[in-house]
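Participant: If you read the sequences in order, they're chains E and Y. Heads up: take any position in the first sequence, counting from 1, add 9, and you land on my numbering. Take the second sequence: its position 13, counting from 1, is numbered -4 in my numbering, and each next residue is one higher.
Honestly, I wouldn't trust all of these hints.
Said to hold, decoys possible - Some chain Y residues judged to face chain E by a derived CB distance under 10 angstroms, without partners named: (1) L17; (2) V199; (3) G203; (4) M204.
Claimed, not checked - As a list, the in silico DSS-like pairs of lysine-lysine whose alpha-carbon atoms are at most 27 angstroms apart: (5) E:K157 x E:K121; (6) E:K86 x E:K157; (7) Y:K(-9) x Y:K310; (8) E:K86 x Y:K193; (9) E:K121 x E:K82; (10) E:K82 x Y:K193; (11) Y:K193 x E:K179; (12) Y:K193 x E:K121; (13) E:K157 x Y:K(-9); (14) E:K121 x Y:K310.
FYI, nobody ran anything at the bench for these hints, they're computed from the structure. All of these numbers come straight from a predicted model, not from anything done at the bench. Virtual Cβ for every residue (Gly too), placed ideally from N, Cα, C.
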Amino acid sequence: MSDEPILQVIEVTKTFGGILALNRVSFDVAEGEILGIIGPNGSGKTTVVNCITGFIRMSSGKVIFQGKDISGKPPHKIADRGLTRTFQIMRPYYSLAAYKNLVIPLFSPRAKRTGGWRGGGKLGDRDTVGIDILEEIGFERDSYVPYKLASTLPTGYLKRLELARCLALKPEVIICDEIFSGLSMSEIASMVPLIERLQMDGITLVMIEHRLRELFRVANRVMVLNFGEKIAEGSPDEVMASEKVKEAYFGSEDVEEVMNHA
Amino acid sequence: MNMEQRRKERLDRGIKVRTDSIYALMSVRELAYLTLPRFVLIVGMLVLPLAMPGMYWQRVVSIVCIYAILALSFDFLAHFVGLVSLGGAFFIGVGGYITAILNTSFGMPPLLSVPIAAVAGGLICTVLLLPCLPLRGVYFAIVTLMYPLAMGRIIEALDILGGTDGIMGLESFPNRWVEQYLVIVMVLVFLFGLRRLVNQDIGLVFRAVKDNDQAVKASGMSITFYKAIAVFIASGMGCLGGACLVHIYMWSGISLFALDFSILPIAATVIGGAGTLVGPVLGCFILVPISELLRAFGTLRIVFYSLILVGFIVVRSEGIMVYGQRKYHQFQRWVKV
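Can you make the complete structure from the sequences, with help from the hints?
Facilitator: Right, dumping it as structure tokens:
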């Protein structure tokens, strides 16, 4: 059972008009691993995520999640099965307080079914659970931060809020779309252990990243996209040693040098 | 030498703890501060018909209340679910015709046919609006505007449901006090009910759909389902208003699909303060009587009406209640810089 990958992406192709955004991209994600997806700008990383999670319809191909075909299903059905995602451009509910943001995923059918979160009630049990999750993800419980409007929170907290929204669903897989981008070095430094802990909790992670050094600290395996095609896959060292990757991703520069700047 | 500068300082009154939903009241004064506006509103609404000079103005109060229900439903849909609906006239018409048919063809008393019309009308409106739910903003508005126009034309062209004559001979409410207080109590119930609803968990989902529907999808919830529930609530309210209106006039006709019912609630919402729920009610209590008073000007009525609207928007574009609530909840004082 554990040999079978939790998520299989089979020959996914996406065209926007005449532009081939994804060309027969296939990869597997094993249960419990962290897979990194990297690639230059416009290489189709976010498009892959959108296709897998149903936010855009793929032109052809198949996505198998936990042995079931989920291609062509609407996004809420896919999330309901436990395949969740964060957004690159954060999508909090700006008019609600941070902890109230989590009431929405906690109200979902999946959270009611799987979470064991006792929901509803006049005393606002979902509020309490929301604050618990926020604390887990790095909001200080006794500060004012969890009670602030999402519109007043800085980027670092909004990125965490994105993760918290996924966690509220008790997910099997979280696809993180550039969770490190726009964060300061210290914010990233505090985010990395969080990612590691999620893995220890048994959650499978797919991480799309530009911050390679931090990604390589946590990722078990890395896949490289360029112009909508998979050009390499393997351990971080293997991938970075590949000539194709050097050429496509870094031009002809020395990878070591770029890595040092990253 | 006296160059000291002063600036206005605004402070929130300290009765809220951390969030908007938890109050800490330390004295009777603070309790009164919180409950007095609500008390004034409720008592004011209840004594209003008694204070009116005659039958005509009592009737105006009833009409105001029906507009207020429509405005509440518009404000709820537009500012808590993100669906700008111009279908107010459609809701009124559907509710009105259903109760008219139930009353004249099946002999149901108004107190039975009105609630049935509200629920059945809400269902019908929701099913008919289902195809437009993926639309957002102005596109949803335009499509919903089409419904009342189309219904009026269909009834006229096919000569169904009484055609241009409408359905006549409806029963009125048992007596005029029932008629009067039914609509007033309905406004109060919907006002406080909706305000409670939007702070419940399901209400938060509605507000989330408005804020960011993609994130709601990513949370594993069908936005179409929640939009449909919200449309059912709003259109049910509209149909209820329409049903009462028909029994007040004792007549149901295609003028129920007149665009007044779509446009006036929006104007009232703009004047009263969008997203406050009580604002639109207040807006109706200002606009409808003004429009009645302006009847003296004959055909120039609409000109003066427009001028008053423009005046409100220039002077208080944020809406009376948004302004009022801010002033009420904050201290203001001059401090030295």
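Participant: With reference to the structure, classify each hint as holding or not holding.
Facilitator: To see whether the hints hold, each was checked on the structure:
Here the hint on L17 of chain Y is broken, as its CB sits about 19 angstroms from the closest CB of chain E, past 10 angstroms. This hint holds: V199 of chain Y has a C-beta 6 angstroms from the nearest C-beta of chain E, less than the 10 angstroms allowed. Interface restraint check for G203 of chain Y: the shortest CB-CB distance to chain E comes to about 4 angstroms, inside 10 angstroms, so the restraint holds. Restraint check, M204 of chain Y versus chain E: the minimum CB separation of about 5 angstroms is within 10 angstroms; hint holds.
Among the hinted pairs, K157 of chain E with K121 of chain E is consistent with the structure: their alpha-carbon atoms are about 26 angstroms apart, no more than 27 angstroms. Annotation: proposed proximity of K86 of chain E to K157 of chain E is violated, straight-line Cα distance about 31 angstroms (limit 27 angstroms). Pair hint K(-9) of chain Y plus K310 of chain Y holds up; C-alpha atoms about 13 angstroms apart against a cutoff of 27 angstroms. Of the pairs offered as hints, the one joining K86 of chain E and K193 of chain Y holds, with about 20 angstroms between alpha carbons and a cut-off of 27 angstroms not exceeded.
For the suggested pair K121 of chain E and K82 of chain E, the alpha carbons sit about 21 angstroms apart, so the restraint of at most 27 angstroms is met. Annotation: proposed proximity of K82 of chain E to K193 of chain Y holds, straight-line Cα distance about 23 angstroms (limit 27 angstroms). Between K193 of chain Y and K179 of chain E the alpha-carbon distance is near 24 angstroms, which keeps this suggested pair within the 27 angstroms criterion. Annotation: proposed proximity of K193 of chain Y to K121 of chain E holds, straight-line Cα distance about 22 angstroms (limit 27 angstroms).
For the hint pairing K157 of chain E with K(-9) of chain Y, the CA-to-CA distance comes to about 25 angstroms; that is within 27 angstroms, so the pair holds. The hinted pair formed by K121 of chain E and K310 of chain Y fails the criterion: a straight-line CA distance of about 41 angstroms is larger than 27 angstroms.
Comparing the model with each numbered hint stated earlier shows that hints 1, 6 and 14 do not hold.
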